[in-house]
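Start from the sequences, fold in the hints, and give me the full structure.
Chains as they are written, first to last, in full-length UniProt numbering: chain A, 1 to 591; chain B, 1 to 316.
These aren't lab readings, by the way, just hints derived from the structure by calculation. One or more hints might be untrue.
Claimed, not checked - Computed far set for chain B versus chain A, every beta-carbon distance over 10 Å: (1) E5; (2) E33; (3) T36; (4) L46; (5) W48; (6) K76; (7) M79; (8) V145; (9) M221; (10) E240; (11) H247; (12) R271; (13) L315.
Stated by the list, open to error - Under 8 Å between C-beta atoms, here's a sample of chain B residues computed to sit facing chain A: (14) T60; (15) G63; (16) N64; (17) M68; (18) F71; (19) R72; (20) K87; (21) M306; (22) C307; (23) A308; (24) R310; (25) Y312.
Backbone N, C-alpha and C define an ideal beta-carbon position, used for all residues, glycine too.
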Amino acid sequence: MVCGGRAMAERLTSHPDVAKVDFCGSTLVGQSIRKATAGTGKGITLQMSGKSPNIIFEDADLDGAIEGIMDAIFRNQGQICSAGSRLLVQESIAEKFFAKIRRRMSTIRISTSLDKSIDMSAVLAGTARIQRLVDTARAEGADVWQPDIEIPETGDFWVPTLITNVGPTSTVVQNEIFGPVVAAMTFRDAKDAVELANNQRYGLGSGVWSENISLALDVAHQIRAGMVWVNCYNMFDATGPFGGRKETGYGRQGGQEGLMNYVKPKWMPFDKHDWTERLSDFAAALEKWSTRQFGIIDENDVPFGNPALVVDKSPKLYISGKQVAASSNYVYQCRTPTGEVIGQIAESTSGDVAKAIDAAHKAAPGWAKTAPHMRGQLLFDMAENLSYRVEEFAKRIHIMTGRTMESCTAEVEKAIERLFTYASWADKWGGRVQEVPVYGLTVTVNDPIGVIGIVCPEEYPLLGFVSSFAPAVARGNAVVVVPSEAHPLSATDMFQIFDTTSVPAGVINVVTGGQAQASRVIAAHEDLTMIWHFGDAESAFFVEYLAHDNCKRTWCAHGVQRDWMDNEQGEGLEFLHESVEYKTIWMPAGI
Amino acid sequence: MVQQERNPGMPLDMGFINAIVVNKSATVRRCGELGTRRIVTGDHQLAWLMRAISCMDLTTLKGNDTPMRVFRLCEKAKMPVRQDMIKKLGKSDLTAAAVCVYPARVKDAVRALKGTGIPVASVATGFPSGQTSLKFKLEEIRQAVVDGAEEIDVVISRDKVALAQWTELYDEIRAFREACGAASLKVIMAAGELPTLTHLAKASMIAMMAGADFIKTSTGMEEVNATFPIGMTMVRQIREYYELTGHMVGFKAAGGINDAATALVWLSLIREELGVEWLNSNYFRIGASSLINDIERSLWVGLTGMCAARTYMPLA
Chain A
1 MVCGGRAMAE RLTSHPDVAK VDFCGSTLVG QSIRKATAGT GKGITLQMSG KSPNIIFEDA
61 DLDGAIEGIM DAIFRNQGQI CSAGSRLLVQ ESIAEKFFAK IRRRMSTIRI STSLDKSIDM
121 SAVLAGTARI QRLVDTARAE GADVWQPDIE IPETGDFWVP TLITNVGPTS TVVQNEIFGP
181 VVAAMTFRDA KDAVELANNQ RYGLGSGVWS ENISLALDVA HQIRAGMVWV NCYNMFDATG
241 PFGGRKETGY GRQGGQEGLM NYVKPKWMPF DKHDWTERLS DFAAALEKWS TRQFGIIDEN
301 DVPFGNPALV VDKSPKLYIS GKQVAASSNY VYQCRTPTGE VIGQIAESTS GDVAKAIDAA
361 HKAAPGWAKT APHMRGQLLF DMAENLSYRV EEFAKRIHIM TGRTMESCTA EVEKAIERLF
421 TYASWADKWG GRVQEVPVYG LTVTVNDPIG VIGIVCPEEY PLLGFVSSFA PAVARGNAVV
481 VVPSEAHPLS ATDMFQIFDT TSVPAGVINV VTGGQAQASR VIAAHEDLTM IWHFGDAESA
541 FFVEYLAHDN CKRTWCAHGV QRDWMDNEQG EGLEFLHESV EYKTIWMPAG I
Chain B
1 MVQQERNPGM PLDMGFINAI VVNKSATVRR CGELGTRRIV TGDHQLAWLM RAISCMDLTT
61 LKGNDTPMRV FRLCEKAKMP VRQDMIKKLG KSDLTAAAVC VYPARVKDAV RALKGTGIPV
121 ASVATGFPSG QTSLKFKLEE IRQAVVDGAE EIDVVISRDK VALAQWTELY DEIRAFREAC
181 GAASLKVIMA AGELPTLTHL AKASMIAMMA GADFIKTSTG MEEVNATFPI GMTMVRQIRE
241 YYELTGHMVG FKAAGGINDA ATALVWLSLI REELGVEWLN SNYFRIGASS LINDIERSLW
301 VGLTGMCAAR TYMPLA
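So, in structure tokens, the structure goes:
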């Protein structure tokens, strides 16, 4: 066991003999660890800051809820990442509830940890930061209330603090304080409460207090966090996964879900990479990786020999269910192995990629709410529609790659089979009941992530494409997909299949072009929380590095190529795991 | 709202009104090129976006508005852009122009904005339809002013426009102006419910003759609200009135302005058709609610080059 601050953390985590990092601490330090380990191939779990709300509905057991607030923000001095440092109270009971809190806060006993009759003890790392934030609250016009209770004369003690008369704009509502200070707002109804609860950078926990099961479950489903405690708070057990999303981080601790972060598929080699030289001038390296010359047309280009077999293709992008032209006029050539040109491929700009991400965001909520069975039906339908055109799709792959028709036909048939597989998984991987020591029901729900940016492998132009979007879409995500750079025509041929299958607009978006450029945009986009990258190790470095900015979750191949034809490598648990965010809902019960 | 000299109005001049005529297709063509001929980028765009914020009437007009909801909006009016961004932009005194609410919520807004200098605007006169008696309309205005509203957004009787009852329309607005007293009068044309742009132009001129301090495009609840042809038509009448009388009347666009790019085109329209003197909160307002979120995200892109997450900007 070693001690040290941020510098030690960076040193330890970037050591070549360290294969996995599990970090719990502030978002700031977590981001620096992400940068230091980018592209190395190490597993990384980050559990960082939070600003979790405790939500009190008018039909809650109010006194029970008061004790929940004690658990959430006062015991432990509020110095835990999952602290319920915001309080959302239904307007109809607000006055009564705040009076109850003040009465309860007045009975809190604070002393040194050796005193056997205490509720709260000293805070870690001094009170200066807490003081600063509370002063800021006052300066911004908030009401700051503290009970008149004794604290020891020496030592770092802070009187429990209730801040009211604040809105989402207040500094103390947006930022983690990490002390026994709670910022309270009111709300009208469940819709308001959910909107307020999700209006934050972080996504760690939430408390929901209501005796109405329909209401509690509805709200629990809509909160974008890793933990939801119904009529309780800060319950933990090794059997149940713990962790958050958004800028709280990714990965879970505990449960089988947490174990997934410590294992890798048996067949997968574990290559380590070292990119320290790139770090010395990151900006220049980034430019070199992601910039390329547009629009070089070679006059000596040889057109494809047999026009009867293929018409020269100039596919567009596929955004929001429509084929749209890229906003730049630049294209690059898609060629056969002997160099003949068979297509002009649009170079997507950062604007095109951003537009596709926006389209996916619009579609994501509706798709996530679509009945899982119906999502499955759509993928079955898609497989059917593809099955009518096996020969055509095989021929396309054959012309692009030069592989035998037998091999190409096998690829297309495998793609159809894969669509069937994920159609079947659409409604059979909903989550798990966790056998925790608390009586009631604790369940981990496998929620869609929302929008996933996917950069496809170069190998297997159709199968790689299908194997990439199908698991994500089956599990309720909307996707922005960058197909193979060298062989994108199989993916662009799929636009017609999407149309015929009536894929809801925006659920699948495809942007062609240089993978490095598109990867850069996706990896840096702050309104995206997950990127899959099936490319080379150097690209993985840049993607993981850029992802540090908004603590974006990443799944990178680091140059490991898969045999997509082999079910062990091309589909299954790995893909499903990366398609979801685990939300664990604790519901103690008893009459 | 501070105005240099208030529009006193003038007697109704039907000769002037009868001569007003608008060619729709020419208007539409001119509007089509607005977003293409004046592109603002870089630091200038940041400044324009902040100017747009300073001209915003942050609005909530919902049946389920409560004191708490109004409080939250007022907090946003006081701090429209997140603290760290405002620091980078160096504009710590930036606020919205006003908060706009229903009459029942005026007191809540006044209480929440106390000491900030940000005025409360109240809708009145049977907003949004105006289908109630003149007696009640005037009483509603008076009560809102007593409750502390410094600005009143009234609706005209669209039936009078449809039936070309121009004198009655003039008289009605004149009465509204008297009931306002010292409070500033914004007259809502509800342009989406008027037969033609020519009708809109005539009604706009009549409103100004009757003493409007601002003319406003719409309630935000018509099927069609603040489009550029509607705005262009009204703004041209403001210019005509200025040339006729020397008095500046303000313009407010409300409803359907959802993104920063559109807001920038509105600023450009005002600048081109009326001039820089109109491009401040004394003479130009945008009535909006979710627009502030998009402008805030655009400021973030301008400051950092990054596309921000929607949930990162504090709710209005």
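We went through each hint and held it up to the structure:
For B/E5, the shortest C-beta to C-beta distance to chain A comes to about 34 Å, beyond the 10 Å cut-off, and the non-interface label holds. Interface exclusion of B/E33 from chain A stands, the closest Cβ pair being 19 Å apart, more than 10 Å. The Cβ of B/T36 lies farther than 10 Å from every Cβ of chain A, with a closest approach of about 15 Å, so its non-interface assignment holds. Distance to chain A confirms B/L46 as a non-interface residue, since its nearest Cβ pair spans about 18 Å, more than 10 Å.
With a closest Cβ-Cβ approach of about 20 Å to chain A, B/W48 is found to remain outside the 10 Å limit, as its non-interface label requires. Its beta-carbon lying about 6 Å from the closest one in chain A, B/K76 breaks the requirement of being farther than 10 Å from that chain. Residue-level check failed: B/M79 sits 4 Å from the nearest beta carbon of chain A, not beyond 10 Å. In this structure B/V145 is separated from chain A by more than 10 Å, as the shortest Cβ-Cβ distance comes to about 26 Å.
Every C-beta of chain A lies more than 10 Å from that of B/M221, the closest at about 20 Å, which supports listing it as non-interface. Distance check for B/E240 against chain A: the nearest CB is about 40 Å away, which clears 10 Å, and the non-interface claim stands. Every C-beta of chain A lies more than 10 Å from that of B/H247, the closest at about 37 Å, which supports listing it as non-interface. The claim that B/R271 lies off the interface holds: its Cβ sits roughly 26 Å from the closest Cβ of chain A, which is beyond the 10 Å cut-off.
The Cβ of B/L315 does not lie farther than 10 Å from every Cβ of chain A; its closest approach is about 4 Å, which violates its non-interface assignment. Hint status for B/T60 relative to chain A: violated, with the closest Cβ pair at about 12 Å, above 8 Å. For B/G63, the interface hint is violated, the least distance from its beta-carbon to any beta-carbon of chain A being 11 Å, above 8 Å. Restraint check, B/N64 versus chain A: the minimum CB separation of about 6 Å is within 8 Å; hint holds.
Here the hint on B/M68 is kept, as its CB sits about 4 Å from the closest CB of chain A, short of 8 Å. Look at B/F71: its Cβ gets to within about 7 Å of chain A, closer than 8 Å, so that hint holds up. Using the Cβ-Cβ criterion of 8 Å, the hint placing B/R72 at the interface with chain A is satisfied: the shortest such distance is roughly 5 Å. Violation of the interface hint for B/K87 is found here, the shortest Cβ-Cβ separation to chain A being roughly 11 Å, above the 8 Å cut-off.
For B/M306, the shortest C-beta to C-beta distance to chain A is roughly 5 Å, which falls under 8 Å, so the interface hint holds. For B/C307, the suggested interface contact is upheld, since its CB lies about 5 Å from the closest CB of chain A, less than 8 Å. Given hint, B/A308 at the interface with chain A, holds; its Cβ is 5 Å from that chain's nearest Cβ, closer than 8 Å. Using the Cβ-Cβ criterion of 8 Å, the hint placing B/R310 at the interface with chain A is satisfied: the shortest such distance is roughly 6 Å.
At its closest, the beta carbon of B/Y312 sits 6 Å from a beta carbon of chain A; the interface hint therefore holds under the 8 Å criterion.
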